[in-house]
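Residue numbers (our numbering), protein chains in the order written: chain A, 1005 to 1348; chain B, 1005 to 1348; chain C, 1005 to 1348; chain D, 1005 to 1348.
One or more hints might be untrue.
If several chains are the same, the list does not tell them apart, and a pair holds so long as it fits within one copy or across any two.
Claimed, not checked - In silico lysine-lysine, DSS-like type, Cα no more than 30 Å apart, as pairs: (1) K1263 to K1294; (2) K1093 to K1039; (3) K1068 to K1136; (4) K1343 to K1031; (5) K1294 to K1104; (6) K1343 to K1068.
FYI, nobody ran anything at the bench for these hints, they're computed from the structure.
4 protein chains.
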Amino acid sequence: MIKVGINGYGTIGKRVAEAVTLQDDMKIVGIVKTKPTYEMRGAIDANYPVFASTKNKIPFFESKGIEVSGVTEDLVNLADIIIDCTPGKLGVNNMEMYEKAGTKAIWQGGEKHEPIGTSFNSLTNYSESIGKDYVRVVSCNTTGLSRTLYPLLNEYGINNVQAVMVRRSGDPKDSDRGPINSIEPVLNVPSHHGPDVQTVISDLNIQTMAVKVPTTIMHVHCIIVELESEPDVSRVIELWDNTPRVDLIEGFLHNEGNKIRNLPGTAEIMEWARDSLYTRGDLNQIAVWKDGVHSFGNKLYYYQAIHQESDVVPENIDAIRAMCNIESDSFKSVEKTNKALGIN
Amino acid sequence: MIKVGINGYGTIGKRVAEAVTLQDDMKIVGIVKTKPTYEMRGAIDANYPVFASTKNKIPFFESKGIEVSGVTEDLVNLADIIIDCTPGKLGVNNMEMYEKAGTKAIWQGGEKHEPIGTSFNSLTNYSESIGKDYVRVVSCNTTGLSRTLYPLLNEYGINNVQAVMVRRSGDPKDSDRGPINSIEPVLNVPSHHGPDVQTVISDLNIQTMAVKVPTTIMHVHCIIVELESEPDVSRVIELWDNTPRVDLIEGFLHNEGNKIRNLPGTAEIMEWARDSLYTRGDLNQIAVWKDGVHSFGNKLYYYQAIHQESDVVPENIDAIRAMCNIESDSFKSVEKTNKALGIN
Amino acid sequence: MIKVGINGYGTIGKRVAEAVTLQDDMKIVGIVKTKPTYEMRGAIDANYPVFASTKNKIPFFESKGIEVSGVTEDLVNLADIIIDCTPGKLGVNNMEMYEKAGTKAIWQGGEKHEPIGTSFNSLTNYSESIGKDYVRVVSCNTTGLSRTLYPLLNEYGINNVQAVMVRRSGDPKDSDRGPINSIEPVLNVPSHHGPDVQTVISDLNIQTMAVKVPTTIMHVHCIIVELESEPDVSRVIELWDNTPRVDLIEGFLHNEGNKIRNLPGTAEIMEWARDSLYTRGDLNQIAVWKDGVHSFGNKLYYYQAIHQESDVVPENIDAIRAMCNIESDSFKSVEKTNKALGIN
Amino acid sequence: MIKVGINGYGTIGKRVAEAVTLQDDMKIVGIVKTKPTYEMRGAIDANYPVFASTKNKIPFFESKGIEVSGVTEDLVNLADIIIDCTPGKLGVNNMEMYEKAGTKAIWQGGEKHEPIGTSFNSLTNYSESIGKDYVRVVSCNTTGLSRTLYPLLNEYGINNVQAVMVRRSGDPKDSDRGPINSIEPVLNVPSHHGPDVQTVISDLNIQTMAVKVPTTIMHVHCIIVELESEPDVSRVIELWDNTPRVDLIEGFLHNEGNKIRNLPGTAEIMEWARDSLYTRGDLNQIAVWKDGVHSFGNKLYYYQAIHQESDVVPENIDAIRAMCNIESDSFKSVEKTNKALGIN
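Next comes chain A alone, as it looks inside the complex (with noise of 0.2 Å):
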């Protein structure tokens, strides 16, 4: 059994949580949070040892009923291994205490990939973790574009892609981010996702553009992949539908003529997310719209809706399993990462 730490129990240390106790190879040792809020209800509820970020701190958790067990630097040595979902860019100065406790560590997409020096994406790259000590998942976006891409290029080649994101502005629960009613542009070209995907996929020609627009549920990416063969747009969704953490779904159904809205945006796709009744009303698979697939040439165009929340969950489990050496087959770690969460 792994012993494995959160670092920041936020939108994605307390999934990661939730996931690593539904897996039979390892287990929650601890919780680090820095106030004791609303957020604390899932760690209490599954009864993980909550950890104050810092000594000062242990007077606010124990004035709201809650016991302490250490602080963070108590919960690295007890861990093998340390999720850290610390706020972006801040999480990579903790490295210099994982490694004087000798614990391994996973970071986010938030990080940047050159201080920690591999990026992670079950399908396209878990072989380069196995072994590692410092392991960056990729963020949301990056996991969405690799996960829809790489069975492309095995089957077609590309010759290049072309991709907008339209990104929500804040999750749910961030009701501090704005804007209520403007669109705004990631001026700087390439967006960040497009040299984030090569860390994963190396030698994919690939630039991104980015817009932020007044919504909380999921991002939308716009994409234009140049194959370098012409693809065949049924023969394209099989892949996808053969692809590990890819649903395809209609926008649009048609009876009699009539075009009928099913799941025409990202408002409907998570409310099908919760009717499956999976934790948290998440959506770790990307949707794909079946019906918004479409090729001209070698050009393949398509859409897809990404939970920003959840789907780099799944990714965690499976790199802590390359990383801590007990599954090497990254399939094999996917799909019982996968089972044990209900996926598919």
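Keeping the supplied structure of chain A fixed, place chains B, C and D upon it in accordance with the hints.
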């Protein structure tokens, strides 16, 4: 085992179906749907028999690989009681069909009180529905007002209530509803909510106003109650703490002179509901902000949040028990329902 | 010609500047800004002398091709009166600087009443500011409440007012403000609005509650007034029709039994304001829905919409006249201001 | 003086009316409206003769105190040219009526190209409309794409264009349109925008995708152009600087190592447009972010924002001139229109 049919498998219908399945004294014998859209997912996963609304819709269902067990009338004949969750103000047209089949029926708060004759809230007037054939479970807002006003009425007596409902404009999945950037008042005063509370707490002196705002997740009520005697805020909080299906929450935490956002708004409340890993991320309880309760003389001011998709679900279960003469004691039914649903 | 300086050229500052320019008894001698962002456009088009907030900011202005006439202190020395529109709760720190220069000053409603000592509304207490050095024009919400309550107070007498402010979360340009999908109550009761009205209508018995909602364009007030005698709705409407800076609007039209959306919400009201070709699409007046006014016994219920960006602009002009002893009769000042601004 | 009639006095109709009024070679002889709602305000203020859409609507107008000069056919007979701004895809049904009266007509981009036969953009194909009876001014998005692509085509030659339109869901006043919290892709690829550009720039190789997002104020285009030769970004910016009805803006300013928000999104752009005190706060120009233009080899990437309510207004004016043979030189018409409208 009471045989329950669901006519209209949407926001409320699917939730009541799932809640029925969790009880030991009732079961789902089928659900009616008009179109085989994505919302079938839950019914298929749960193996509910599916009935098409009308005969001509059957081929559409079959074209999507869904086995159809019959049409609405067939389910009505099969069931002991129908939960009618067809769109507001149309459901009452089905009464004749239910009457002909000798099947009991429950409608939702979108219908008017008069044609049905009995309105229901578990706490305030359970006994009025015992043995009845036709009952209407009041709307999400009326249910919310009733749950927190009734204990005040019993403890202090109420001179009058002034309440403003700040309403979400559509459910999360209602992507065709606006507005995107507008506030729209309900210009008829009193809004229907006040008179509607009187169908379950007769003689209550209550006037309501309402506005519609661009959010999808919860309603918020701003309530001013003039009591017959001076209230003590801590006693009021204690009363609600002992009231079933009311949850007390804190908007802000305080530590070392700092004010920390905890559950300041509906976004965080919905996240907290998801954190409980309760089905669908629902919140059947009314959330009352402890730090928003204030009194000045006989007047009590408070805010509460209503999860419009789910708060009436346990009331539907209780109403089934009352109407089918399974349980004559409201408290026993409430307790049984709550336990089965994991409330509190 | 009164020499007016604007300290803080943002939402309110730029509007007051434009309004001053339209008067024949005052003029702009300069505006202070901290950064040469896009909001300079109006100042440059109008040829207002530009002052940098501090000396070290001057090169930044010059790098954008903007000629700088000095710093804040220079403008303060130059002006007869400063309109302080610096961000809320900071403006009062400037009082010492104004005192030293012997320059009068007006602050906005983001400041508290006490340190300034005199609060201002054109209709209710103009005379209190005559000849004063330091005055605070009350906030947009307080201005709105005062304009419609004062005529009721005079005609009927008021026992008490209960009001709920449904507040927009940020101005249209405040793209960094959320929430995107949440309702957030103001948990302190009374919200600051009630006591604030008492700074311009002393002895008014008023309690207010407030919620913040995800819209940018207007606040909506839901108001319940218990009068000393029974009101007649048509008389009330007539009173407001004769009140300056109050506009009566119709939410719905009726034709051949059909109900037709006219100005049902704040989105349409803002469009109607733009249709008047009034500067910036502003609405200096308070919009009261005629079809939303109702009475039951002594109680009067009504809804009004507040254009938070502009309703206090004419009050600032009137306050200048009162403080600088140009006009002692409030009605004459209001009439003069309205005429110059094209109101009514 | 060309006599212009407006059939459909909504978002576009009222703006074209106001723009016509500002020209010295044309005038408004009347406007048609179906209902006497608030949108009449501008017509009444401007003293435009009002025509009811049909005879039976006349009493409704008169009941609101509006004098009616006749019905649609009367205005068609009176006018030299009709600007048909009736709701999309219905307008073309009016062609027979215009034909019968021998009146020229302009439709908007909601209509299809084929039944009308000639599509119009001032910059790209003005001469095709000279003397024509029926012309269609292309949509706001097509107009925006044409304005910035055409100079690139002339200077460099274009191999192909890939563009993603991030579309606002409704105009500010369209309060009945959603979604509130969803992103909805246009699953047909290419979206209609690409082929539509080809109606005014034939032979352009362009494919477009589109998504609808919850905002009301502007569209944003993400554009990737493969040129025939390698572009220089500063030369590209210079080209656009010299292109009529294109405005170059800066998303961020830089000072002493700090990055300062200037016009990072559509909210700020609309504020900046309002600051110009241009009528209604409109922006007839296409706003291109200077700091968002990048090139890699022959590929050019850029972002632009489109004010959907107003960018086609000057094109309508130019189209009138071309069709009525007042001006054969497109540049002269553009210059004349721009001057009258205060553009640049």
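In rising order, the numbers of the hints this structure does not comply with: Of the numbered hints given earlier, those the structure breaks are 3, 5, listed in rising order.
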